[in-house]
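Asker: This is what each chain is made of:
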Amino acid sequence: MNILVFVKTNPDLQMIRIKDRQPVMEAIPYKVGDLEKNAVEAAIQLRDAAGGGTITAVCLAEANRRAKETLKEVLAMGADEAVLVTEPALEVADQAAVALVLAKAAEKTGYDLLLFGEGSTDNYTGQVGPRVAEILGVPQIGYARKITGTEGGVQVERSMDEHIEVLEAPFPVAVTVVSEINEPRIPSLMNIMKAGKKPLAEYSLADLGLDATSVVAQKAILSNLAEEQDRKHIMFDGDPAAQAEAFVNALLKEGVLGR
Amino acid sequence: MAQILVYSEKPAAARELVFKAKELGAALGLGVVAAALGEGAAGTAAGLGEYGADRVYVSEDSAFAGLPVDVVAEALAQVARAAGAEYLLVSSTRRGKELAPRVAQKLGAACVTDVNSLTLEDGVLVAGRYALGGATVALEKLDTQTKVFAIMPKTFEIGAPTAGAGEVFAPALSLQPSAVKLVDRRPKEGESVNLDAAERIVGVGRGFGKREDVALGEQLAAALEAELACTKGLADFQWLPEERIIGLSGAKTKPDLYVAVGISGQIQHTVGVSSSKLIAAINTDKDAPIFQLADYGIVGDLYQVVPALVEKLKGL
Ligand SMILES: Cc1cc2nc3c(=O)[nH]c(=O)nc-3n(C[C@H](O)[C@H](O)[C@H](O)COP(=O)(O)OP(=O)(O)OC[C@H]3O[C@@H](n4cnc5c(N)ncnc54)[C@H](O)[C@@H]3O)c2cc1C
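So the sequence lines, in the order shown, correspond to chains A and B. With my numbering, you'll find the first sequence wraps up at 259, consecutive numbering, no jumps. With my numbering, you'll find the second sequence wraps up at 575, consecutive numbering, no jumps.
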């Protein structure tokens, strides 16, 4: 069983400051996305339950996104191999371009199961998984909260808006996971050391039969501003009883209690 | 004449999108068509006509059983080509959000999901969606010939039906059954809570150490006559049902008062409360991001502060 897990390096959103309604992105640390970690954990559990198989983590390096560290972390969690696609032109890529590159990398690597987070932690468009599936012509199952291996395929329990659905599909199939599927493991020091020795292949666009013209963005972001917030920032000190009293008095004064 | 094509598996969402498409179509000089696919499609079609679709493409082909996304995407792409659709509006439900990019890929179209505003600026359709976990709102425009928009349900006001029945049309679709088989489908055992309309809300997060302790949050909610809500973090433990999640993947609320208890205040959560008139927070960590958004803050242990608050409120 060949499992490909697609991981993206996301900005640490807690570190983003807003200045004049603009997000300040300089010096923001990047890290493996939470949902990507869920996908990696799901892959490890599937492989281990099947008693064999290979997990390859695939990452596209955009700009300064520390993609190698991302892959190392995922290898330390338990992925077997990694594929990194680097190319300066990918800085401006939109979801369609990212999907094209990832699909080509998947073709080169080979796959039975393609695993994605249901969206990325930062922009959460949810487009890449379905687009990769379409390019490769494989069926897809979104929002998995449980994945079980079957003879030559998977059974997936998924969480829809108002329903739980149980679906079965033979390989090859693409699956996206939701956060409640598992608690991703934290790699041990030993596994972090071992991760450095696991195979990591690096491809350029040319290696995948693509060039800069195949990754031109077909959408534009006209503006990206924070909504305005004006808060009082009043803190109540003292022991819990004093804090409670001050708080309730403030609420009474605001007139938000009762009615 | 080029068309706006509307599809949603949810009839109410489809009617809302058709109604909006009619308004956009009038401004852009485009016609409006809709697709109704799968079991019960014929029944849905008439409503779509009344809300503004000139033509409704209807198919109850057996390949739609269980609404497999690959088959629905293929059908929608075939309808889009047959109709000469320049814009596709689908709903950003879970089904719609996995459908939209797949159809877009088939049509060589750019796509934007989770759209919560749609405006025309100089003849260009501009879509708004939350970005960076909800820290910002991105306004996007799509540059491809065909454009796919997945729009959050209840984004637009829907008016009274004005049009006639619309023409019902059975397209000749060429579909393969999906390799994905539906084995079971059951309603989520949820409950209905209306957080959107709540005037006061108490939100609980992972600061609660045990499932039983959430009762403390309930007591505070009762004392404030507030609805109880939670973070996704807490709901992922299944301590409260997901209907009570506030945030990017939950309810967007605008209460008079929001009290965040044991909640760190990560952006994916706070995006759902940032329109509150007043925000208060109780957290042991004085550096928790929630305090940056708070009008009133209490640095303290919820296990001490909440009982003190409940007592105080009961004494009023
Ligand atoms: C794509 C995506 C979508 C998401 N959508 C949502 C969403 O819609 N809604 C949502 O809520 N989350 C969402 N999340 C998750 C979000 O990023 C956070 O993980 C989550 O909101 C954190 O929940 P929390 O505040 O309960 O837990 P934590 O972040 O663990 O915070 C717990 C807090 O409790 C405090 N605390 C601990 N003990 C005590 C005590 N005794 N008394 C008082 N305080 C205490 C701690 O200091 C801490 O600040 C999403 C994530 C992703 C990636």
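Among the hints, a few may not be true.
[Stated by the list, open to error] Rough simulated footprint, nothing fancy, chain A against chain B, three-plus residues with beta-carbon under 8 Å:
id : stretch
1  : 278 to 291
2  : 351 to 363
3  : 424 to 435
4  : 466 to 480
5  : 533 to 543
None of these hints come from the bench; they were simulated from the model. No residue lacks a Cβ here, since even glycine has one placed at the ideal position from N, Cα and C.
Asker: Honestly, which of those hints from before does the structure not fit?
Answerer: 1, 3, 4
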